[in-house]
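Asks: Chains A and B, in that order, are what the protein sequence lines are.
Heads up, our numbering is the position in the first sequence plus 131, with the first residue counted as 1.
Heads up, our numbering is the position in the second sequence plus 131, with the first residue counted as 1.
Don't take every hint at face value.
Heads up, incomplete: computed chain B residues facing chain A, CB under 10 Å, no partners named [to be verified]:
hint	residue
1	Arg162
2	Met163
3	Glu164
4	Thr165
5	Glu228
6	Gln232
7	Leu233
8	His235
9	Ile236
10	Leu241
11	Arg244
12	Leu245
13	Asp321
14	Ser323
15	Val325
Since the hints were derived computationally from the structure, they do not count as laboratory data.
Each residue gets a CB set at the ideal place from its N, CA and C atoms; glycine is no exception.
Number of protein chains: 2
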Amino acid sequence: MTLAEENYLKAIFHLDLESEDEVSTNAIAERMETKPSSVTDMVKKLAEKKMLIYKRYKGAQLTEKGRKIAAGVIRKHRLWEVFLVEKLNFHWDEVHEIAEQLEHIKSDELITRLDNFLGNPDFDPHGDPIPDKDGVLKRTEKKLLSELEKNHSGVCVGVKESSGGFLQYLDKKKIAIGTKINVLGKEFFDGSMVISVGNEQFFISKLIAENLYVQTI
Amino acid sequence: MTLAEENYLKAIFHLDLESEDEVSTNAIAERMETKPSSVTDMVKKLAEKKMLIYKRYKGAQLTEKGRKIAAGVIRKHRLWEVFLVEKLNFHWDEVHEIAEQLEHIKSDELITRLDNFLGNPDFDPHGDPIPDKDGVLKRTEKKLLSELEKNHSGVCVGVKESSGGFLQYLDKKKIAIGTKINVLGKEFFDGSMVISVGNEQFFISKLIAENLYVQTI
DNA sequence: TTACATATTTAGACTAAGCTAAAAATATAT
DNA sequence: ATATATTTTTAGCTTAGTCTAAATATGTAA
Chain A
132 MTLAEENYLK AIFHLDLESE DEVSTNAIAE RMETKPSSVT DMVKKLAEKK
182 MLIYKRYKGA QLTEKGRKIA AGVIRKHRLW EVFLVEKLNF HWDEVHEIAE
232 QLEHIKSDEL ITRLDNFLGN PDFDPHGDPI PDKDGVLKRT EKKLLSELEK
282 NHSGVCVGVK ESSGGFLQYL DKKKIAIGTK INVLGKEFFD GSMVISVGNE
332 QFFISKLIAE NLYVQTI
Chain B
132 MTLAEENYLK AIFHLDLESE DEVSTNAIAE RMETKPSSVT DMVKKLAEKK
182 MLIYKRYKGA QLTEKGRKIA AGVIRKHRLW EVFLVEKLNF HWDEVHEIAE
232 QLEHIKSDEL ITRLDNFLGN PDFDPHGDPI PDKDGVLKRT EKKLLSELEK
282 NHSGVCVGVK ESSGGFLQYL DKKKIAIGTK INVLGKEFFD GSMVISVGNE
332 QFFISKLIAE NLYVQTI
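Generate the whole structure from the sequences, applying the supplied hints.
Replies: This is the structure in structure tokens:
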């Protein structure tokens, strides 16, 4: 498994979650910020290694083998993110790039020990679930804040878009993983909301509400 | 700085410590387990990048710039080794390979925080000094156990050869960094010694004595 | 100093991963 | 169904890093 191969499998894994069908060459290229022709070459190689099934002009689909490898990389990425935030006191919007590098370190023993050191966490600092040793990803019953109705509450469990700007906005509003959010009002014509967080009460746009995952309570 | 470039600089840095002159193509090739022709290509490239001075048929010498980069990689390697042993409870003979990978992670902030998290250690688990942020390496006054005379003592501060077998031998004999060793006797014709460690007293060969660094007390 | 041994470099080839430009397949619109 | 647009693949080139085999320096011993 080279670094590039791992990154392709990871990208295809993520795209696979978003749509049932096989994932297209173009979609992979866009996500990887590379050219479709490069993708064609790589998926052919990964198909030979039995990590995915590739049909010309149709796209790619991970095999069980490919899925497990991808889940393993994602597991490492998310465990390292927990380490960076919990132990090194990084802020949750600073850890992605470093974890992109750390996720490729090869040592099963290391990951087992890191997992224990961190107390076997189930979620990363963005609220995304951490696959277990066997590549199984516990699905959470999370929904978008925008789906909550007036007078309902949820606990923030993650974000959809994790751009630096958005995470900083949440930080300013004191919203983090585990924060309880109450929906006090909802304007149906523009999707904006009035919510309360702790003692504060404020207005948020539809854009914000559609990028915040909550677990209903 | 690519991964390969960093590994070459690191190798040249180590060889530079062992001998004053410029380091030879063959020496680098042997240390890197590669071919001399590959080394020639790489040192030419590093010379163009002003990281070393290369003279055909003469060898290579690091510039200040190259030295700093090499020291930075070694700093990262040794800090990660401390992390693996102190925090993840790895044994000191298991950490080298993993640290070889971790040393290439690029993030100054990460290393600063890791250093603080570990309590700004001065030595790695093998007793080797950790270069500071500016690439300065504190030289220790360590000597080989074989240089100690009868009835003198030293504290184990490191090993010269760190093969798995040797480290396991030391472990069996309960010798680790910080262990006090007393020389009870020394056979001058074969260099073997009788030493005591804690309550134990035993015989060691010249080979062992020549691969163990101690600080005299 | 000539001859041999050793060290080093050069030339040319290979692999992984990427790119561009052109060709081919698929999808869509009239 | 034909034409057009879009997607995907192919062909050929590029770079980093490696290798082998051959050529060239350097060092050494008689």
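Asks: Now, for every hint given, state plainly whether the structure supports it.
Replies: Here's how the hints hold up against the structure:
Against a cut-off of 10 Å between C-beta atoms, the interface hint on Arg162/B is violated, since the closest Cβ of chain A lies about 22 Å away. Restraint check, Met163/B versus chain A: the minimum CB separation of about 20 Å is more than 10 Å; hint violated. With a least beta-carbon distance of about 18 Å to chain A, the hint placing Glu164/B at the interface is violated under the 10 Å criterion. At about 19 Å, the closest approach between the beta carbon of Thr165/B and any beta carbon in chain A exceeds 10 Å, and the interface hint on this residue is violated.
Annotation: interface hint on Glu228/B holds; nearest CB of chain A at approximately 7 Å, less than 10 Å. With a cut of 10 Å, the hint placing Gln232/B at the interface with chain A holds, because the nearest CB-to-CB distance is about 5 Å. The interface hint given for Leu233/B is met, as the beta carbon of that residue sits about 6 Å from the closest beta carbon of chain A, less than 10 Å. Because the beta carbon of His235/B sits about 8 Å from the nearest beta carbon in chain A, less than 10 Å, this interface hint is met.
For the restraint placing Ile236/B at the interface with chain A, the shortest Cβ-Cβ distance is roughly 5 Å, inside the 10 Å limit, so the hint holds. Taken as an interface hint, Leu241/B checks out: its beta carbon lies about 6 Å from the nearest beta carbon of chain A, inside 10 Å. With 10 Å as the threshold, the beta carbon of Arg244/B comes within range of chain A, its nearest partner Cβ sitting at about 4 Å, so the hint holds. Contact between Leu245/B and chain A, as hinted, is supported at the beta carbon level, the nearest pair being about 7 Å apart and thus within 10 Å.
Checking Asp321/B against chain A by beta carbon gives a least distance of about 40 Å; that is not within 10 Å, so the hint is violated. Taking 10 Å as the C-beta cut-off, the interface hint given for Ser323/B is violated, the closest approach to chain A being about 36 Å. For the restraint placing Val325/B at the interface with chain A, the shortest Cβ-Cβ distance is roughly 37 Å, beyond the 10 Å limit, so the hint is violated.
The structure fails to meet hints 1, 2, 3, 4, 13, 14, 15 from the earlier list, while all remaining hints are met.
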